[in-house]
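Asker: As they're listed, the protein sequences go chains C and F.
Mapping of the first sequence onto my numbering: position 142 corresponds to residue 1321, and the numbering continues sequentially without gaps.
Mapping of the second sequence onto my numbering: position 76 corresponds to residue 1255, and the numbering continues sequentially without gaps.
What the hints contain is simulated information worked out from the structure, not anything from laboratory work.
Note that this is a predicted model, so its numbers are computed, not measured.
Do not rely on the hints blindly, as some may be mistaken.
Remember, identical chains collapse to one label, so a pair may be satisfied in a single copy or spanning two.
[Stated by the list, open to error] The calculated lysine to aspartate or glutamate pairs, modelled on DMTMM-like cross-linking and capped at a C-alpha distance of 25 angstroms, are:
id	residue 1	residue 2
1	K1199	D1449
2	K1314	E1440
3	K1260	E1219
4	K1314	D1224
5	K1314	D1438
6	K1348	E1291
7	K1259	E1478
Protein chains: 2
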Amino acid sequence: MIETPYLLFLGDAPDQLAAKVAQGIKDWRPENAVGQYRMEGCKADLGIADMTLTEAREAGAKTLVIGVANRGGVISQEWKKVLVMALEEGFDLASGLHNLLRDEPDLVAVAEATGRSLHDVRVPEVDYPIANGVKRSGKRVLAVGTDCSVGKMYTALALDNAMRERGMKSTFRATGQTGILITGDGVPLDAVVADFMAGSVEWLTPDNDDDHWDIIEGQGSVFHVSYSGVTMALIHGGQPDALILSHEPTRAHMRGLPDYEVPTLEALRDTALPLARVANPACQVVGISVNTQHMSEDEAAAYLAGVEARMGLPAVDPFRHGAARLADALAAI
Amino acid sequence: MIETPYLLFLGDAPDQLAAKVAQGIKDWRPENAVGQYRMEGCKADLGIADMTLTEAREAGAKTLVIGVANRGGVISQEWKKVLVMALEEGFDLASGLHNLLRDEPDLVAVAEATGRSLHDVRVPEVDYPIANGVKRSGKRVLAVGTDCSVGKMYTALALDNAMRERGMKSTFRATGQTGILITGDGVPLDAVVADFMAGSVEWLTPDNDDDHWDIIEGQGSVFHVSYSGVTMALIHGGQPDALILSHEPTRAHMRGLPDYEVPTLEALRDTALPLARVANPACQVVGISVNTQHMSEDEAAAYLAGVEARMGLPAVDPFRHGAARLADALAAI
């Protein structure tokens, strides 16, 4: 669990895209984003207050989050100076970088001396149990994709917002590094040891109020041969009551797999639903989330109408149109 | 890769069952079992030559394999003395124990001083790639089960024997600790990090002669919610040309999951085959392996005949009847 709220470290980001983790935090959990810390030459701007370390501490920030990709996988000396000062000012550090904070001896030494924590969210910090499959109270929804990177995290976060707006009880459950940094906790599922994957998802989505929804961040796809085992662990460990099918209609082939065709939404439904019913016989598919970013407004509207007619389920692009209709579908269960 | 052949260490095994790993090596790779080393009070006997360390070295043994479960997860001082002497005599050590050889400082020190290797087969020793899904040459067969522990490893080893007897080219590919100790190499799949599971199976079963069969050791079950992700990685990483369905008909519920019914062979076929065809559209189900150990000879024969009629596929218990008919089915592909 990472202490919130955050000061968002943008470093010397070469452009806005390099700061997309910080942007995600600011977009989805603005209450976690006290301010931004930009170094000389930084080309990204979240449109929130620039703060010194001292100002951010006074404003209540507990953790400095590295919200920017670094160049060449190296934590530069310029960054290092700021990170050391932040520890000395009383901040914990959190990072989703491939190269780990804990592998930097100078940061480790200062963190020990100051009693602060280094959070590398790519690395599991919990000894997860083996899944026991016991039915849990409360409800769970999982987005499953025809492919990787079709907008499952975005769908889950938009759904969480829409459900809160309705006064429904919901919690976004992060299973990837960006989601974990956005919310401050979760399971870095792709880094969990095979035997404990499903157990880590059970751990992440425990017993809850009967009218509470866990919105579980999806990963991979049952059709993506590189990561399908991770998806399977989400389907069985999450024992979802509801599935949302996620799709990106313009993709020529599976991401990173030029010889693999993207399956249809029907194939996804017919594959994922029976698998989900092994763990939860009451599971149903409640809606469809389409990433229409490569379509015009008219094309998107026509495509969504076609999917809705074909599949008999609400079909939305949560980025363009919000997730209200998906929240309605869950409220009706 | 563990150097063969072995001296099989039975320690102070309290009964024959405690030495089942050693028994598996002796049964399936007798050429790897130069002799056995038994301590005072050992109640297990493999029926092969008792040897001192020196005798075993002279007979060609390269590695001392701990082929026995230890009590309470502790490597006792009595064992330790023998293990240290073995390193000093020039043996490598190999173990599938939960507590690791590498966590014993005295063994590590002696291994370093003598230049010997400590193999803990529960721990991956390779940086596996992420699966790329590219079609590989050669053929592969995978046993998939209605449940865990239904005899998938036994089926694979029996099939390997039957195929060799026919002069077919085949290699048993171990994915669990016992299999790895039996053959000397493999992937400890349940200990691999999620993102690399399918890639480790691709690595284990690389391009090969067009008429060569990799016989991939199965793990878990797509219906077992604790381990289904591991099974999925085998199905997609292994890109099998042939599946064998494995079943234990007398089980009251899924292993360790009292609330989960064991699926039918038909349900297994209808779930696993479409998943396998994502990675290999030519995949087919070629036969059925039934563990009839809890049935009389007559019951077993009647059950197998019934399955064969129902499913239209050869159905055998490889322990009772050998795997010849499964090898025939593969030879016909």
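Asker: With identical chains treated as interchangeable, where does the CA-CA distance between K1314 and D1224 reach 25 angstroms or less: within a copy, between copies, both, or neither?
Answerer: neither (45 angstroms within a copy, 45 angstroms between copies)
Asker: Reference check for the pair K1314 and E1440, CA-CA at most 25 angstroms: within, between, both, or neither?
Answerer: between (35 angstroms within a copy, 14 angstroms between copies)
Asker: For K1259 and E1478, with the copy left unspecified, which applies at a CA distance of at most 25 angstroms: within, between, both, or neither?
Answerer: Classified as neither: same-chain Cα gap 48 angstroms, cross-chain 72 angstroms, threshold 25 angstroms.
Asker: At 25 angstroms max between alpha carbons, let me know whether K1199 reaches D1449 within a copy, between copies, both or neither.
Answerer: Neither. Shortest intra-copy (34 angstroms) and inter-copy (42 angstroms) distances fail the 25 angstroms Cα cut-off.
Asker: When Cα atoms must be at most 25 angstroms apart, do K1348 and E1291 count as within-copy, between-copy, both, or neither?
Answerer: Neither. Shortest intra-copy (39 angstroms) and inter-copy (58 angstroms) distances fail the 25 angstroms Cα cut-off.
Asker: If the cut is 25 angstroms between Cα atoms, do K1314 and D1438 qualify within a copy, between copies, both or neither?
Answerer: Answer is between: at 9 angstroms across copies they meet the 25 angstroms cutoff, but 39 angstroms inside does not.
Asker: For the identical chains here, do K1260 and E1219 meet the 25 angstroms Cα criterion within one copy, between copies, both, or neither?
Answerer: within (13 angstroms within a copy, 62 angstroms between copies)
Violation of the numbered hints given earlier is confined to hints 1, 4, 6 and 7; the remaining hints are satisfied by the structure.
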